[in-house]
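Chains as they are written, first to last, in this note's numbering: chain E, 11 to 451; chain U, 11 to 451.
Calculated from the structure, these hints are not laboratory results. Among the hints, a few may not be true.
Same chains, same names: a pair is fine if it fits in one copy or spans any two.
Mimicking BS3-like on lysine-lysine, the simulated pairs with C-alpha atoms at most 30 angstroms apart in a straight line are [to be verified]:
| hint | residue 1 | residue 2 |
| --- | --- | --- |
| 1 | K405 | K256 |
| 2 | K398 | K264 |
| 3 | K213 | K17 |
| 4 | K198 | K247 |
| 5 | K146 | K395 |
| 6 | K436 | K61 |
| 7 | K48 | K422 |
| 8 | K198 | K213 |
| 9 | K436 | K48 |
In this text the structure is predicted, and so the values were computed from the model without any measurement.
2 protein chains.
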Amino acid sequence: MKNQIVKPSILPGFMELLPDQQIAFNNMLDTIRRNFEKYGFLPIDTPIIEKSEILLAKGGGETEKQIYRFNKGDSDLSLRFDLTVPLARYVSQYMSSLTFPFRRYQIGKVFRGERNQKGRFREFYQCDIDIIGNGKLSVINDAEIPSIIYSTFRDLGFDSFSIHINNRKVLNGFFDYLGIADKAEVLKVIDKLDKIGFDAMKKELEDICDNGQVVGKILGFVGIEGSNKEIIEALYKLDIANEVFKEGLDELSKVVRFIELFGVPDKNCKIDLKIARGLDYYTGTVYETILDDYPSIGSVCSGGRYDNLAEYYTEQKLPGVGISIGLTRLFYQLREAGIVLDKDVNSLTQVLIVPMSEDVEYAVMTANSLRAESIITEVYMEEAKIAKKLTYANKLGIPYVILIGEEEIESKILTLKDMRAGEQKKLSLEEVIQHIKVGLK
Amino acid sequence: MKNQIVKPSILPGFMELLPDQQIAFNNMLDTIRRNFEKYGFLPIDTPIIEKSEILLAKGGGETEKQIYRFNKGDSDLSLRFDLTVPLARYVSQYMSSLTFPFRRYQIGKVFRGERNQKGRFREFYQCDIDIIGNGKLSVINDAEIPSIIYSTFRDLGFDSFSIHINNRKVLNGFFDYLGIADKAEVLKVIDKLDKIGFDAMKKELEDICDNGQVVGKILGFVGIEGSNKEIIEALYKLDIANEVFKEGLDELSKVVRFIELFGVPDKNCKIDLKIARGLDYYTGTVYETILDDYPSIGSVCSGGRYDNLAEYYTEQKLPGVGISIGLTRLFYQLREAGIVLDKDVNSLTQVLIVPMSEDVEYAVMTANSLRAESIITEVYMEEAKIAKKLTYANKLGIPYVILIGEEEIESKILTLKDMRAGEQKKLSLEEVIQHIKVGLK
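Input sequences plus hints: build the corresponding full structure.
Structure below.
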């Protein structure tokens, strides 16, 4: 009886990688995790499926349309669409067992049924850190976050990137001071400056504000340039009579000073008065991160300060600050740009042992010895011609092959092939281990 | 305006851990992953949501009832219920890009809407390895698998565990030879021996077989005891005139010989003629792993050899051998048994820096120096009394605290508190780093 064959495929908008790409992806993920842990963030892992009433407590907007929601039995279930809502629920639920400030990281898949388009994924990894205070949280935490972004992206192999930093209170206070009614619209327009250019921005602002003097002040504000210190000075000089603006500027000033103390070079962290990061969530410091060589990718790591994490689940006030890296999209974009992959390394294996006769036993015992030395080892156990066995090592980019035939078993002298150098040596087991360890460094 | 509060909770049957437990869980997961990689397995990561027609290609049975299945737009979607079906689909889909034998590992969450009961989870981690051949696969692979189980469970901290091994062909051949019609029923009964005892088993066998001589032979077969070598010898001595039996016995004999060569001690790997692992999937070698001190947990790592991985997705014959560790359930059971957790370690952080005045700058710079030495460091940045700051370190089990007040800033001599020893020392930054590095070893 023959089975009906179903053509193997996955859904559109889902990323799946071949092993060589998966290795590169995992390296990035491990680097991010290592950095998060280095700064004392604690791991949590929330369920992928939660009650819809929890995930949709806030409700409204795109979220509700994009969410994967379904019933099972009597339960109304949804797949998480970010890691922030589950964090809010988690902190509220276990408040009495947690120690504050609560520094947590979470790395995991989230789900959004977005319209299918290139570079957008319906299932993707988010890598999040947040610091949550119980009632209050020092603004110095806002300065530590960029130092973690800096450390992480350096370890990911980037040199040229800029963390753009701003403060929502500075924007809100300034716009209030100017008497602008629709702040959201103005924010949207100035955020587009890099895309549409100065003249188009000016025109759009004039359409919204209908007041040449106000537009002039906005343009002056957006046009403030210089080092972070110079920008701060220029902002103080504006002498804006608005309490929110002043509070925001004091925060921004302190955050920028501490970012420097945390060791982040000026060239990697710049005040950018144009960024606001969405409209209703962040309340103070905001961040975006741009890869200088690939600005078109957009922000690869964003976040900010919020006054109240969990207002839908507890009456306790929980201010926090955090960031998120959308790893799936970042990986995709880097791959599209031709970086990320080491084309010749398709395996983690360091040594392939190739038996040249039917006697596999000596090969197995040799593998035991190598593995005991933490060398990642495989034995080619299938019957095949030597050429085919070597092809296996070549295809996977395994750097060393040990050939074991009757002569090697007899003499206990192994033949070590360095696949990259194309050299071959006769060595004792101890010499082989020594040679490989040095070669792998 | 006040929000309506939704009581924070998760769905029944889902595991969620506090950070201290999450650290212990992640340690286990990392240990498993490290072992899988040490043996040359390649990572893959398949989507959590797949087309229902893919996941249900085989269909029938419990799977169909338990699966989380729903529609989004026109798509009929399901959450994966194991990692084997996605592997079958993956190998079929990318066959031409993969190198065979294909050694893959995958660690991830799977979903089963099981009846809610203690110790059963609807979302749980599986940790799988499989070796897939293209057309054929040497039986020596069946012997390597137990060596990976052995290495993994040793690294997980277990000493007393036994990998039970059997071969379905031995069972099938023997029962065919006896002329037993309903082999599945007999297998179910002998699998229960440890639970129901010899007499009850004998009675049930008599009910099924209705032939005293056959029952006697089954009891004799199940009763074969001794070392692996002695059991193999006894099986050969039975001299069963059945080709399937003979083939299975030759395989079992070779596998047991190679398991020893791979360095697995006899006490950790035993032939167990009673195990069969389900009815229609495995075709040769089968494994179960029992923690000797916690036999009631049941098998913590199971698997076996199958003739054809992907018959629903390709006409290519893909034999394989693999195992799966159900980590969520294992963790839960170990925790119930009172092991797993180190109660005093609730954080990964190694040093907490506590500013004793309002001057936080020196604390931040000290943190930079420690982090540069890969010491996991936090700065307590909130305004609070010293006692509260030390409580933070105590609650999280952070082993070292560095106190920095005006005196320390002036003299550049830090106060290092060893929280475990209760000692306090005045040291330079270099001495602090040295002291902590030695202390953490």
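Here is what the structure says about each hint:
For the homomeric pair K405 and K256, neither the shortest alpha-carbon distance inside one copy (62 angstroms) nor that between copies (38 angstroms) is at most 30 angstroms. Within a single copy, K398 and K264 get their C-alpha atoms only as close as 64 angstroms, which misses the 30 angstroms cut-off; across copies the closest is 25 angstroms, which meets it. Proximity of K213 and K17 under a CA criterion of 30 angstroms is satisfied in neither setting, with 54 angstroms inside one chain copy and 48 angstroms between copies. Taking the closest pair of Cα atoms, K198 and K247 come within 30 angstroms of each other only inside a single copy of the chain (26 angstroms); across copies the shortest separation is 84 angstroms, beyond that limit.
Proximity of K146 to K395 under the C-alpha cut-off of 30 angstroms is restricted to the inter-copy arrangement: shortest distance 15 angstroms between copies versus 69 angstroms within a copy. When the C-alpha separation of K436 and K61 is checked against a cutoff of 30 angstroms, the pair qualifies neither within a copy, at 64 angstroms, nor between copies, at 53 angstroms. Taking identical chains as interchangeable, the C-alpha atoms of K48 and K422 lie at most 30 angstroms apart only when they sit on different chains, with a minimum of 24 angstroms there against 45 angstroms within one chain. Taking CA atoms no more than 30 angstroms apart as the test, K198 paired with K213 passes inside one copy only; the shortest distance there is 13 angstroms, against 80 angstroms between copies.
When the C-alpha separation of K436 and K48 is checked against a cutoff of 30 angstroms, the pair qualifies only between copies, where the shortest distance is 25 angstroms, while the shortest distance within a copy is 43 angstroms.
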